[in-house]
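As a plain string of letters, each chain reads:
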Amino acid sequence: MSQTDLEIVVDDPTAPEDDSPSVVSSGTIEILVCLLLLALAVTLGYDNWRTGAAWDATGPEPGYFPFYLSVILGGGSLYGLIAAFAAHRAARETFVTRAQARRVMAVFVPTLLFCLAMQFLGLYVASFLLISGFMRFVGKIALWKSLLTAFVFTAVMFVTFDVAFDVIMPKGPLEAAFGR
Amino acid sequence: MEALGLLLHGFAVLLTWKTLVLMMVGLVLGIFVGVLPGLGGPNGVAILLPLTFTMDPTSAIVMLSCIYWGALFGGAITSILFNIPGEAWSVATTFDGYPMAQQGRAAEALTAAFTSSFIGSLVAVMLITFLAPMISSFALKFGPPEFFAVYLLTFCSFVGLGREAKHKTVISMSLGLLLAGVGMDTVSGNLRMTFGSAELLRGINFLVAVIGLFGISEILLTMEERLALRGHAASISLRVVLGVWRDLPKYWVTLLRSSFIGCWLGITPGGAIAASFMGYNLAKRFAKEPEGFGKGRIEGVFAPETAAHASGTSALLPMLALGIPGSGTAAILLGGLMVWGLNPGPLLFVEHKDFVWGLIASMYLGNVVGLVLVLTTVPIFASILRVPFAAVAPMIVVSCAIGAYAIQNAIFDIWLMLGFGIVGYVFKKIGIPLAPFTLALVLGNRAEDAFRLSMIGSGGNLKVFWSNGLVGSITTLAILLLFWPVIDGLLARVGLTQRAKVAQS
Numbered sequence: 001m002s003q004t005d006l007e008i009v010v011d012d013p014t015a016p017e018d019d020s021p022s023v024v025s026s027g028t029i030e031i032l033v034c035l036l037l038l039a040l041a042v043t044l045g046y047d048n049w050r051t052g053a054a055w056d057a058t059g060p061e062p063g064y065f066p067f068y069l070s071v072i073l074g075g076g077s078l079y080g081l082i083a084a085f086a087a088h089r090a091a092r093e094t095f096v097t098r099a100q101a102r103r104v105m106a107v108f109v110p111t112l113l114f115c116l117a118m119q120f121l122g123l124y125v126a127s128f129l130l131i132s133g134f135m136r137f138v139g140k141i142a143l144w145k146s147l148l149t150a151f152v153f154t155a156v157m158f159v160t161f162d163v164a165f166d167v168i169m170p171k172g173p174l175e176a177a178f179g180r
Numbered sequence: 001m002e003a004l005g006l007l008l009h010g011f012a013v014l015l016t017w018k019t020l021v022l023m024m025v026g027l028v029l030g031i032f033v034g035v036l037p038g039l040g041g042p043n044g045v046a047i048l049l050p051l052t053f054t055m056d057p058t059s060a061i062v063m064l065s066c067i068y069w070g071a072l073f074g075g076a077i078t079s080i081l082f083n084i085p086g087e088a089w090s091v092a093t094t095f096d097g098y099p100m101a102q103q104g105r106a107a108e109a110l111t112a113a114f115t116s117s118f119i120g121s122l123v124a125v126m127l128i129t130f131l132a133p134m135i136s137s138f139a140l141k142f143g144p145p146e147f148f149a150v151y152l153l154t155f156c157s158f159v160g161l162g163r164e165a166k167h168k169t170v171i172s173m174s175l176g177l178l179l180a181g182v183g184m185d186t187v188s189g190n191l192r193m194t195f196g197s198a199e200l201l202r203g204i205n206f207l208v209a210v211i212g213l214f215g216i217s218e219i220l221l222t223m224e225e226r227l228a229l230r231g232h233a234a235s236i237s238l239r240v241v242l243g244v245w246r247d248l249p250k251y252w253v254t255l256l257r258s259s260f261i262g263c264w265l266g267i268t269p270g271g272a273i274a275a276s277f278m279g280y281n282l283a284k285r286f287a288k289e290p291e292g293f294g295k296g297r298i299e300g301v302f303a304p305e306t307a308a309h310a311s312g313t314s315a316l317l318p319m320l321a322l323g324i325p326g327s328g329t330a331a332i333l334l335g336g337l338m339v340w341g342l343n344p345g346p347l348l349f350v351e352h353k354d355f356v357w358g359l360i361a362s363m364y365l366g367n368v369v370g371l372v373l374v375l376t377t378v379p380i381f382a383s384i385l386r387v388p389f390a391a392v393a394p395m396i397v398v399s400c401a402i403g404a405y406a407i408q409n410a411i412f413d414i415w416l417m418l419g420f421g422i423v424g425y426v427f428k429k430i431g432i433p434l435a436p437f438t439l440a441l442v443l444g445n446r447a448e449d450a451f452r453l454s455m456i457g458s459g460g461n462l463k464v465f466w467s468n469g470l471v472g473s474i475t476t477l478a479i480l481l482l483f484w485p486v487i488d489g490l491l492a493r494v495g496l497t498q499r500a501k502v503a504q505s
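Protein chains in written order, with our numbering: chain A, 1 to 180; chain B, 1 to 505.
Hints were generated in silico from the structure; no laboratory data involved.
Mixed in with the good hints, there may be bad ones.
[What the hints assert, rightly or not] Interface residues of chain A toward chain B, partial, derived using beta-carbon atoms under 10 Å:
| id | residue |
| --- | --- |
| 1 | S22 |
| 2 | T111 |
| 3 | L143 |
| 4 | W144 |
| 5 | S146 |
| 6 | L147 |
| 7 | F151 |
| 8 | F153 |
| 9 | A155 |
| 10 | V159 |
[Said to hold, decoys possible] Derived DEER-like restraints, expressed as beta-carbon distance ranges:
| id | chain 1 | residue 1 | chain 2 | residue 2 | range |
| --- | --- | --- | --- | --- | --- |
| 11 | B | A12 | A | R50 | 20 to 30 Å |
| 12 | B | R202 | A | S25 | 51 to 61 Å |
| 13 | B | R202 | A | A155 | 28 to 38 Å |
| 14 | B | T476 | A | V42 | 54 to 64 Å |
| 15 | B | L347 | A | T28 | 29 to 39 Å |
| 16 | B | L347 | A | S25 | 42 to 52 Å |
| 17 | B | V350 | A | K171 | 21 to 31 Å |
| 18 | A | V42 | B | P485 | 37 to 47 Å |
| 19 | A | G179 | B | K18 | 49 to 59 Å |
No residue lacks a Cβ here, since even glycine has one placed at the ideal position from N, Cα and C.
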């Protein structure tokens with residue numbers, strides 16, 4: 001097969017390095033998740049017990065079904081915890097490498113800021129900032145392309161949801177200035 | 001015969017310009033999400049669901065189901081041209097599809113994939129047409145114990161037959177069932193698991209959870225990987241299409257066998273992944289020259305694609321007839337039905353005939369239109385991959401946020417979506433399956449109501465689940481499936497199963 005057959009090539013200049021060191025092992029995360037789920041099971045179980053997990057004259061009380069589900073969740077988590085401890089000693093599989101974590105954070109942090117900004121600036125302004133900022137700073141795409149893409153996408157969303165389909169999105173001061 | 005008459009009525013409901021345009025829009029959007037890395041059928045349907053909120057239910061479900069068909073078709077493009085399976089069920093397609101593309105037979109492989117997808121879906125839709133009304137009319141005789149037994153059967157089969165570690169499936173399912181109970185108890189009006197939060201009074205919306213679990217988590221996972229692509233461009237000529245179609249009768253056994261496997265595993269919650277691999281393995285096993293598989297054999301594309309699509313489509317059968325989704329995407333579609341005030345299950349066939357038969361008719365038409373569309377537009381959709389992921393990722397995040405907010409007009413839901421995004425990312429990485437969680441979240445309240453009504457009716461006696469032959473056999477089957485790994489092990493020990501024979505040989 002000649003190389004000319006390869007007609008679609010997309011490079012990833014910010015790809016994570018293959019030899020990046022591990023930040024945390026899967027076993028550690030499994031233990032952590034099981035502990036959190038166990039705590040959740042205890043909390044929810046207690047709340048359902050308080051609500052009423054027994055029988056009264058009309059049948060099962062409101063907490064009956066979820067209480068026993070909390071017990072099952074707790075049992076599953078406890079088993080998972082023991083299994084994770086046992087497996088943890090045997091193998092140390094990587095959950096995420098440092099380079100991967102950096103890339104995940106490069107999406108997660110802007111998403112978090114977007115959710116925060118949406119409450120004050122409205123969805124469309126926050127979307128414009130997220131898309132243009134992400135394209136420019138994470139994707140290293142030319143500023144004009146980033147701004148134009150963000151503007152076009154946000155405008156299409158606005159027309160589609162707010163105008164065509166009457167799905168009203170959170171608004172901020174900019175939309176208020178335009179009377180929306 | 002009655003089904004055929006109703007199906008024709010369904011086509012009459014469907015054949016309006018508005019619905020046809022929505023069908024095309026759905027298919028294009030579906031192929032788009034199928035081709036884009038980090039998206040797929042369930043994610044695409046969940047994210048684009050808000051677009052349909054203001055539509056009438058028939059138009060909405062037609063558009064959503066077409067997004068689903070489109071995504072299924074789109075997945076094959078990346079599998080064959082780039083060796084990147086968009087979904088786990090496309091993995092088996094890459095075994096022979098990508099080698100075919102490397103040999104300069106990309107157009108042939110794509111035509112084979114699209115055609116077999118079409119055939120698999122067609123067989124499954126025919127099954128739905130004739131079987132769903134029968135099952136639903138039978139299910140009309142069900143009372144709360146029978147319904148709870150069916151829910152139990154679904155949950156137990158996920159645990160017993162799933163590929164993941166059993167305790168992880170149990171964790172996923174019980175968590176989903178618990179979260180479904182958050183908010184106001186529908187029977188007593190009491191508040192449960194709200195901890196004084198006014199926001200949790202509404203409960204945790206299933207779709208918000210799905211958007212986070214599938215949409216946001218997938219973006220995080222995709223970003224983790226190297227996003228460089230190197231693959232083949234392809235355009236499909238009429239000559240290649242006709243050539244593949246002319247040879248189809250040669251492979252009728254493979255197509256029929258894969259369709260059967262797919263339908264079987266779609267109706268039982270075996271899933272499309274198991275179906276595609278089983279279809280591929282059986283095609284290889286029964287082939288005259290099995291050594292050719294993996295090197296670019298066209299049956300290696302036909303078999304998994306037919307099985308996967310038959311499975312994905314037939315998963316809608318229990319959803320429509322019983323209100324029990326057979327797959328993650330079927331669960332999302334079921335969530336959509338509930339948003340529009342429709343109650344999936346046997347009564348749907350009685351109370352909303354237009355809707356049900358319009359949907360079934362759209363499955364036929366959507367597949368035909370989808371097939372033509374993908375065969376003619378492959379180069380355009382393949383070139384979507386040239387768009388940098390840094391532009392696609394934030395757009396998907398914004399679409400997810402719009403989707404999550406639009407369901408209940410609550411900012412809190414956007415935070416909830418983000419939380420579920422993290423949960424989905426961690427769960428996927430440590431092997432806790434998300435499908436049982438999704439299924440439990442959507443069925444939780446119904447299962448609890450059925451259980452409580454059964455128990456109230458019987459005065460708290462669990463024997464109600466063995467009170468007649470029907471409910472008794474379903475409950476017993478559920479328990480057998482729950483302990484299937486143990487039973488299978490015991491059978492293997494006494495040499496009664498295939499596993500034992502393989503081990504002995």
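Each hint, compared with the structure:
no. : hint                         : result
1   : S22                          : 13 Å, violated
2   : T111                         : 5 Å, holds
3   : L143                         : 13 Å, violated
4   : W144                         : 13 Å, violated
5   : S146                         : 8 Å, holds
6   : L147                         : 12 Å, violated
7   : F151                         : 13 Å, violated
8   : F153                         : 6 Å, holds
9   : A155                         : 12 Å, violated
10  : V159                         : 12 Å, violated
11  : B:A12 to A:R50: 20 to 30 Å   : 56 Å, violated
12  : B:R202 to A:S25: 51 to 61 Å  : 38 Å, violated
13  : B:R202 to A:A155: 28 to 38 Å : 31 Å, holds
14  : B:T476 to A:V42: 54 to 64 Å  : 33 Å, violated
15  : B:L347 to A:T28: 29 to 39 Å  : 49 Å, violated
16  : B:L347 to A:S25: 42 to 52 Å  : 50 Å, holds
17  : B:V350 to A:K171: 21 to 31 Å : 43 Å, violated
18  : A:V42 to B:P485: 37 to 47 Å  : 28 Å, violated
19  : A:G179 to B:K18: 49 to 59 Å  : 31 Å, violated
The structure fails to meet hints 1, 3, 4, 6, 7, 9, 10, 11, 12, 14, 15, 17, 18, 19 from the earlier list, while all remaining hints are met.
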